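Engineer: If you want this note's numbering, it's the 1-based position in the sequence shown plus 8.
To be clear, the hints were calculated from the coordinates, so they are not data collected in a lab.
Bear in mind that the values here come from a model prediction, so they are computed numbers and not experimental data.
Take the hints with a grain of salt, since some may be wrong.
[As the list claims (entries may be wrong)] The following label-pair restraints were derived from C-beta to C-beta distances: (1) L48 <-> V296: 41 to 49 angstroms; (2) A174 <-> R199: 34 to 42 angstroms; (3) P289 <-> R49: 33 to 41 angstroms.
Note that the Cβ used here is the ideal one computed from N, Cα and C, for glycine as well.
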Amino acid sequence: MDGEHEGNEFETERPRLVALATRLLGDADEAQDVVQQAWLRLHGHLTRDEGAERAEIESLPAWLTTVTTRLCLDRLKARTPVPVADVEAELEAEARSAGSAPDPADEVALSDTVGVALQVVLDRLTPAERVAFVLHDTFGFEFAAVAAVLDTTPAAARKLASRARAKVRQPVPEDTLAQWEVVDAFMAAAREADFDRLLRLLAPDVEVTADDAALLVGTPERISGRQAVAEFFNGAAQAALPVAVGDRPGSAWFDRGEAKVLFDFTVEDGVVRRITFRADPEVLATLVRRDGGVRRP
């Protein structure tokens, strides 16, 4: 196998792989990292010792798609506490009982959607549902190919995509979208030290409070008033990442990949009225890392 040729072909495939990983993960930087991991795996495969057993790559684009998607799936599973294995076992049972006859409704691919609404609905999906939906409905992969990536059957892959499609079709209330936009806009302003914007996003009587566990790790007990809260967050929260708190948007301070403090927001009438720092382990265990959030210019 010609390693130089394979390397050149990888560079040809890179933009497609980055686009796939970005849609699956919702984070362009993380997508680049995953695609680089895929390259390292390919490089390791091509440079194995001659005596080592090495499976031939029949189709490099297909091989790279599978590796990249599985790397993304691993990251998605690491974000969520959903017992994915249990969900997939249930789907397998349903697929076996229903047979492999296609459901015409399942074949209707949804149009590609962008923006905060897609972010919200994708976060409703389990990792396997998300992979099945993105690969089939967005990139047009056949269910046999989706099944190979997920290590399941085509019937189960079809059911995963069908369930994802049903969740995506559920309308997102306007007030829910507004909450997500406000929270992500606030955190972006905090990181970018946009003080005027922070002030605009805070209610005049906004308060920051903390639970007992958060106080033990050094958060303030209370901050009151728009000016004081804006000053506290201005240029801060560099290590905070967007999370879902049930169906609500939030942010959390992470250290070495582990959530340490949740910023739990109360949004009313388009502004932040309260932020509660929470570090209770039971609360942190329920958090789900979500996509990169809404970014405004």
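Engineer: Evaluate each hint against the coordinates.
Structural biologist: Tested hints:
{"no.": "1", "hint": "L48 <-> V296: 41 to 49 angstroms", "in the structure": "violated (28 angstroms)"}
{"no.": "2", "hint": "A174 <-> R199: 34 to 42 angstroms", "in the structure": "holds (36 angstroms)"}
{"no.": "3", "hint": "P289 <-> R49: 33 to 41 angstroms", "in the structure": "holds (35 angstroms)"}
When held up to the earlier numbered hints, the structure conflicts with hint 1 and nothing else.
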